[in-house]
Amino acid sequence: MITYMFKNNHSQELQLLHYGTEACTPGHHFGPAMRDYYKIHYVLQGKGTFEVSGRTYHLHKGQGFLIVPHSVVHYKADLHDPWEYSWVAFQGTHSASFLQQAGMSELHPVFDLGDEDDEMRSCLHRIVHSRTAHKGWEISMTGWLYQFFAILIDHAHAENLQPAVDYGKETYVTQVIDFIEMNYANAVTVQSIASHVGLQTQLSVLTLQRADRKQHPILSRPLPYAQGSRTDDGS
Numbered sequence: 001m002i003t004y005m006f007k008n009n010h011s012q013e014l015q016l017l018h019y020g021t022e023a024c025t026p027g028h029h030f031g032p033a034m035r036d037y038y039k040i041h042y043v044l045q046g047k048g049t050f051e052v053s054g055r056t057y058h059l060h061k062g063q064g065f066l067i068v069p070h071s072v073v074h075y076k077a078d079l080h081d082p083w084e085y086s087w088v089a090f091q092g093t094h095s096a097s098f099l100q101q102a103g104m105s106e107l108h109p110v111f112d113l114g115d116e117d118d119e120m121r122s123c124l125h126r127i128v129h130s131r132t133a134h135k136g137w138e139i140s141m142t143g144w145l146y147q148f149f150a151i152l153i154d155h156a157h158a159e160n161l162q163p164a165v166d167y168g169k170e171t172y173v174t175q176v177i178d179f180i181e182m183n184y185a186n187a188v189t190v191q192s193i194a195s196h197v198g199l200q201t202q203l204s205v206l207t208l209q210r211a212d213r214k215q216h217p218i219l220s221r222p223l224p225y226a227q228g229s230r231t232d233d234g235s
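The sequence shown begins at 1 in the UniProt record's numbering and counts up by one.
Treat the hints as calculated values from the structure; they're not laboratory data. Each hint should be verified, as a subset may be incorrect.
To be verified - Below, computed lysine-lysine pairings styled on BS3-like, alpha-carbon distance capped at 30 Å:
hint, residue 1, residue 2
1, LYS76, LYS61
2, LYS39, LYS61
3, LYS47, LYS61
4, LYS76, LYS39
5, LYS76, LYS47
Build out the structure end to end from the sequences listed, making use of the hints.
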């Protein structure tokens with residue numbers, strides 16, 4: 001197994017946390033457990049199963065699966081043809097929006113690139129094996145993570161997949177809070193939150209209204225609105 005931790009990433013929008021590749025032994029498994037960040041596995045060869053939210057997915061070469069924060073998952077290599085996969089773990093204010101554009105969510109966690117996956121394999125190979133200590137390495141690696149999402153989004157568009165819209169409230173609340181904390185000094189607005197998190201402005205307003213302010217005190221601070229963007233009740 002090859003695993004690398006990505007340190008000192010200063011990108012707020014998309015942060016690569018760690019990445020790697022593993023040729024699993026028969027029956028090797030992880031979980032049931034949860035993460036506090038996003039993680040995507042891509043199957044290079046072999047087979048295995050992925051379980052989340054009471055559903056089981058049987059996966060093979062050319063397919064991948066998404067793990068969302070705070071979701072209990074379990075995945076296991078096949079006993080006869082165990083999988084080898086690469087993965088990327090990430091977070092950031094653009095994460096939910098990119099996943100939505102790629103048609104992926106907790107309820108739609110699996111994607112299938114089929115046999116035409118050379119571009120994805122090349123991208124992951126560069127991420128996993130390009131651990132070179134040059135000055136621009138962090139920027140280069142973040143760039144390849146953007147390319148990784150570009151491949152997924154292009155595939156979703158080519159397959160006419162609908163953007164995923166079933167992220168739970170807490171997922172968006174986390175994204176909203178992260179964005180506010182990192183940008184509050186820059187006069188963050190509801191519109192800028194909506195743009196970065198990937199929600200319509202009205203949905204962002206509802207997310208802020210329904211969040212637990214005792215648990216998240218920063219949401220008690222006033223945020224400016226653009227003209228005409230207030231809700232009907234004046235909030």
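*For the pair we were handed, LYS76 and LYS61, check the Cα-Cα distance against 30 Å.*
Answer holds: LYS76 to LYS61 is near 14 Å, not above 30 Å.
*Could you grab the alpha-carbon distance between LYS47 and LYS61 and see if it respects the 30 Å cut-off?*
holds (7 Å)
*Sort out whether LYS39 lies within 30 Å of LYS76, counting only the CA atoms.*
Between LYS76 and LYS39 the Cα gap is close to 16 Å, so the pair holds against 30 Å.
*Are LYS39 and LYS61 close enough, with their CA atoms no more than 30 Å apart?*
holds (18 Å)
_Would the hint linking LYS76 and LYS47 be met if the CA-CA limit is 30 Å?_
At roughly 9 Å apart (the allowed maximum being 30 Å), LYS47 and LYS76 satisfy the hint.
When the structure is compared with the earlier hints, no violation turns up for any of them.
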